[in-house]
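Protein chains: 2
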Amino acid sequence: MGRRKIEMKMVTDRSCRQVTFSKRRTGLFKKANELATLCAVQIAIIVFSPGGKPFSFGNPGVEPVVGRFLNRGDEHHDGQSEPSGSATGRSERLVEELNGIQRRIQLEKKRGEALEKALARAKASAAAAGGGSDSLISRSVEEMGMEELVEMRRRLVDLREQLDGRAVEMEASSTLLLLSNKSESAGDSRGGSWGGGRRRRSVAKWRD
Amino acid sequence: MGRRKIEMKMVTDRSCRQVTFSKRRTGLFKKANELATLCAVQIAIIVFSPGGKPFSFGNPGVEPVVGRFLNRGDEHHDGQSEPSGSATGRSERLVEELNGIQRRIQLEKKRGEALEKALARAKASAAAAGGGSDSLISRSVEEMGMEELVEMRRRLVDLREQLDGRAVEMEASSTLLLLSNKSESAGDSRGGSWGGGRRRRSVAKWRD
DNA sequence: AGAGCTATATATAAGTG
DNA sequence: TCACTTATATATAGCTC
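So the sequence lines, in the order shown, correspond to chains A and B. The first sequence begins at 1 in UniProt numbering and counts up one residue at a time. The second sequence begins at 1 in UniProt numbering and counts up one residue at a time.
By construction, these hints were calculated from the structure, which means they are not laboratory data. One or more hints might be untrue.
One copy or two, it doesn't matter: identical chains are merged, so the pair holds either way.
[To be verified] Heads up, simulated DSS-like pairs for lysine-lysine below, C-alpha to C-alpha not over 30 Å straight-line:
{"id": "1", "residue 1": "LYS53", "residue 2": "LYS31"}
{"id": "2", "residue 1": "LYS53", "residue 2": "LYS30"}
{"id": "3", "residue 1": "LYS53", "residue 2": "LYS5"}
{"id": "4", "residue 1": "LYS53", "residue 2": "LYS9"}
{"id": "5", "residue 1": "LYS30", "residue 2": "LYS5"}
{"id": "6", "residue 1": "LYS9", "residue 2": "LYS30"}
{"id": "7", "residue 1": "LYS31", "residue 2": "LYS5"}
{"id": "8", "residue 1": "LYS5", "residue 2": "LYS23"}
{"id": "9", "residue 1": "LYS9", "residue 2": "LYS23"}
{"id": "10", "residue 1": "LYS31", "residue 2": "LYS9"}
Whenever a hint applies, use it, and build me the whole structure from the sequences.
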């Protein structure tokens, strides 16, 4: 969206990263505000700057939205509201978190597919331009293969780095989630047929 | 940003509003993902659809970010504090599943980046044109590269399929786990599929 | 619903003061 | 580091299937 296209990789330069963060944070909040305005919905965004400073946006505020998400009431909205006393709140929240993860997977999948298509087109294009010789294509493919090998190696290294620390975070939060859930009675009646191995969507409670 | 400029007022038509919500929510999450990637920051978004259904995005997850915000927020905080504890066997498994999914997301992301690079290279190579190439030597390398590509793609496609099934499985299984939390029995074990619903594809624990 | 498809509206990477 | 500008890259409104 600027003079040049940038790679979706962490900006290495601290200064540039800070600038990018500020600009994009502004843009993100603006988008969130538009979404809230156009669709009259509750939304909350929490983001920590590279320096660790917290920034937030919320309609009508961060706490009401987070609270609602965490199932602590505040259902002052027209839509459906949790049956009071429901013990499935946390479960549903976890499910939504999982759904969120699933959506991210879908996003990445889409991106991958788009890239594959583009790659295919590029190769076809190169083939057409190359006339009778396939040397160009061969060279491209060859380089790509080499590139892949290098990338794969780097990928593994990066991956391990990213996982360290993240796994810890995930573990802590997830554990808290589960432990806190334990103290409640789950007495939900809908689950009668769970043991039978019903597959797919069972907890759909919202209409979207 | 479309064919026509729209007023920043609530979209009156319910149907249009829903469509707008879906599109913009997708765009917002995408932006958030980019921000998180480019600047390596923690971010969480929670939004309720017009119908009241919750959607969320989080890097590394909603819970970690919200928790950090609530506990150490410089701007807001409601004094919420979570008790800490150790993981149980069951939660450990769930945590591992979550971590696994997170790892896969990272892999997908990396894959996209790699393909993107390859694409750029292919284009550049094709554009540069004129490059002579000897069929003798590069032939073998070419074939190797080709095989490499084909093989890698196959594996990636497999991974994608697994991820899709896995995510769905996680959703159902987690819900089952939590709902039947008090009945208990746990048992489990690493290898098997969960309680009831398995899918045809047995998910091989990472390694390939 | 949900997946494309443009024509436009916006966001924003660099550049400039 | 900020405030602005500007050339490009993206997002998306309205449609179609």
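Okay, the hints, checked on the actual structure:
{"no.": "1", "hint": "LYS53 x LYS31", "verdict": "both (21 Å within a copy, 19 Å between copies)"}
{"no.": "2", "hint": "LYS53 x LYS30", "verdict": "both (19 Å within a copy, 22 Å between copies)"}
{"no.": "3", "hint": "LYS53 x LYS5", "verdict": "within (28 Å within a copy, 35 Å between copies)"}
{"no.": "4", "hint": "LYS53 x LYS9", "verdict": "within (22 Å within a copy, 32 Å between copies)"}
{"no.": "5", "hint": "LYS30 x LYS5", "verdict": "both (22 Å within a copy, 16 Å between copies)"}
{"no.": "6", "hint": "LYS9 x LYS30", "verdict": "both (23 Å within a copy, 14 Å between copies)"}
{"no.": "7", "hint": "LYS31 x LYS5", "verdict": "both (21 Å within a copy, 15 Å between copies)"}
{"no.": "8", "hint": "LYS5 x LYS23", "verdict": "both (16 Å within a copy, 23 Å between copies)"}
{"no.": "9", "hint": "LYS9 x LYS23", "verdict": "both (17 Å within a copy, 25 Å between copies)"}
{"no.": "10", "hint": "LYS31 x LYS9", "verdict": "both (22 Å within a copy, 14 Å between copies)"}
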